[in-house]
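Enquirer: Each chain, letter by letter, is given below.
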Amino acid sequence: MSERTVVIGSKVGLHLRPARLFVKAAKEQPVPVTIGRPGEEPVDAASMLLVVSIGAKYGDEVVLRAEGEGAEAALDALATVLATDQDAE
Amino acid sequence: MTAAEMTGIGVSPGVASAPAARLAPPPALPADTGPEADTGAALASATAALAAVAADLEARAERADGPAAEVLYAQAMIPEDPALADRIAQGLAEGRSAPHALAGAFDSFKASLEAAGGYLAERAADLDDLRDRAVAALLGLPMPGLPDPGHPYVLVARDLAPADTAALDPSTVVAVVTEQGGPTSHTAILAKSMGLPAVVACPDAAALADGVPVLVDGRTGLVAVDPGPERVRRALEGEARRTEALAGSRGPGRTADGHAVQLLVNLGSPADLDAAAAADSEGVGLFRTEFLFLDRETAPTVEEQTAAYAQVFAAFQGRKVVVRTLDAGADKPLAFADHGDEPNPALGVRGIRLARTAAGAALLDDQLAAIGAAATAGDADVWVMAPMVATQAEARAFAARCRDHGLDTAGTMIEVPAAALRAARILDDCDFASLGTNDLGQYALAADRMNGALADLLDPWQPALLDLVSLAAEAGRESGKPVGVCGEAASDPLLACVLVGLGVTSLSMAPSAIPAVRAELASRTLDECAVLAAEALHADDAAEARRRAAC
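For the protein sequence lines, the chains are A and B, in the order given. Under the numbering used here, the first residue of the first sequence is numbered 599, with each subsequent residue one higher. Under the numbering used here, the first residue of the second sequence is numbered 453, with each subsequent residue one higher.
Errors might be hidden in some of the hints.
Taking lysine-lysine and the DSSO-like style, the derived pairs with C-alpha atoms no more than 27 angstroms apart in a straight line are [said to hold, decoys possible]:
1) A:Lys609 x A:Lys625
2) B:Lys644 x A:Lys625
3) B:Lys933 x A:Lys655
4) A:Lys655 x A:Lys609
5) A:Lys622 x B:Lys562
Hints were generated in silico from the structure; no laboratory data involved.
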């Protein structure tokens, strides 16, 4: 099991556009990925409803986890999406 | 019959009149006939219904643009969400019929969003809309949606979902009135982006029947039922005059009798500098400096800050720039400052309170040194103020610190009720004060700014907030020191006149709001503004204050 701890980089937090871009990217990965707050039950990163219900705000930490071939690359890609301010453009 | 009036919150300015037409009601859920004989087939038909809704939303998103499209694209992902399919399968397995399993799945997510509060709770209504569309698709009913009476109409609804607002045709829909919603709801955001007059949070609108003529004023929040042609004509003419005055409005702010009121812009990031400097204003009334501090691992150096401030002062050469020192805290945390663990960040160590620690005081000294250096090098009239001042001692210490750095015009924000109540003493030690009405409202009414359910308490027309403004402005008048407003309230043209009537000496707002405020001010004398202010102060609540001022 690989994991990454990421700080949310979007000023609006993890909903609307930032959440959509993250979920879209998660669906494109070759392995299932979960996301959750540290120490809490993780949820399916490919579910917009579950990702949004985490309620992660700007500056919050979240943990991404995945297992299997391509897990490391998938986590790197998704961590970048989360750390970027997706609402800034 | 005499015209009945109802009031809500005006969220998108403009005046329009037409018969009311209500949004088509959602489909009724039939009795639960579960369990389904073939749960596999039932799940497949529910999934197909969801796919149809998603396809419909995507098609609408492609036709829309701007914020409307963004909201629709985000929504289009929900019907095909794997977690939703899981819950439908679970409902079917528990013996519910397909429509009930489908509706139940949406409702379970709605409950968790509502529990999250704030922004997410406002989004919960979106799930109701998606549920109704999916249920209609599953039952083979027409999709709930906009009415089509064959003539222009005022759209009346409990609340509008993004899918409804994005499909609005401005040539048919002339205005929008909703029973629910707040200033940050989709209805407000989208109506504003489409330039449609809109009134939200108008519970009386539930009584409006199809076909009844209504007159909507999206600036004042007033909805007149069966207004009659004469009143409609007058309202439209008034609006036309206002639009015309706007087009011709320029120069420093003045009342009709020549009383000067500085009109200033709010500036929050270097990206907005060109637009802010180009606006016809007397300077910057609120220069937020957080952009230099957030998003980084270490504090900016004095040199880096000096360069950033110098850029702003250069753009506003010969004009006034009021710099607000760092307003970071637990909701806008700094990577390089230890904010500790605060269960109640809005009431925690933010703003000037950071200076309580040696590290925070050093941050502030660096910032003041940089502002001082940039001010000396440039040719702007630089004023400096501290956020979140609550006591006279804090104000005095801040002013002394400013003077140590060669900054001679030092003031405080008044956003804590304690500071408004004791404004006279605070002004003893400062040169000016600036009312931050957003936070002052939040603290005076004890209502979290992030909680949409409390939008009515955060209304800048709340008489209690106006009382506090009045106290501060009075203290300014007695001491001869300027007291401005740099919150949301300053950008509402009518409220701006009330503030001036209370004694406020400057108004700072988004550059785009200035022309309307300037035009409204120019249409009234200072005495008339004082009468408006007295009317607003004597109201029982925000809606009445707005109504009394509008008449």
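Enquirer: Decide, hint by hint, whether the structure agrees.
Expert: Hint check results:
Between Lys609 (chain A) and Lys625 (chain A) the CA atoms are separated by roughly 23 angstroms; this keeps the pair inside 27 angstroms, and the hint holds. For the proposed pair Lys644 (chain B) and Lys625 (chain A), the alpha carbon gap of about 34 angstroms is over 27 angstroms, so the pair is violated. Under the criterion of a C-alpha separation no larger than 27 angstroms, the hint pairing Lys933 (chain B) with Lys655 (chain A) is inconsistent with the structure, at around 40 angstroms. Between Lys655 (chain A) and Lys609 (chain A), the direct Cα distance comes to roughly 8 angstroms. Compliance with the 27 angstroms bound is thereby established for this hinted pair.
Pair hint Lys622 (chain A) plus Lys562 (chain B) holds up; C-alpha atoms about 22 angstroms apart against a cutoff of 27 angstroms.
Going through the hint list in order, the structure does not satisfy hints 2 and 3.
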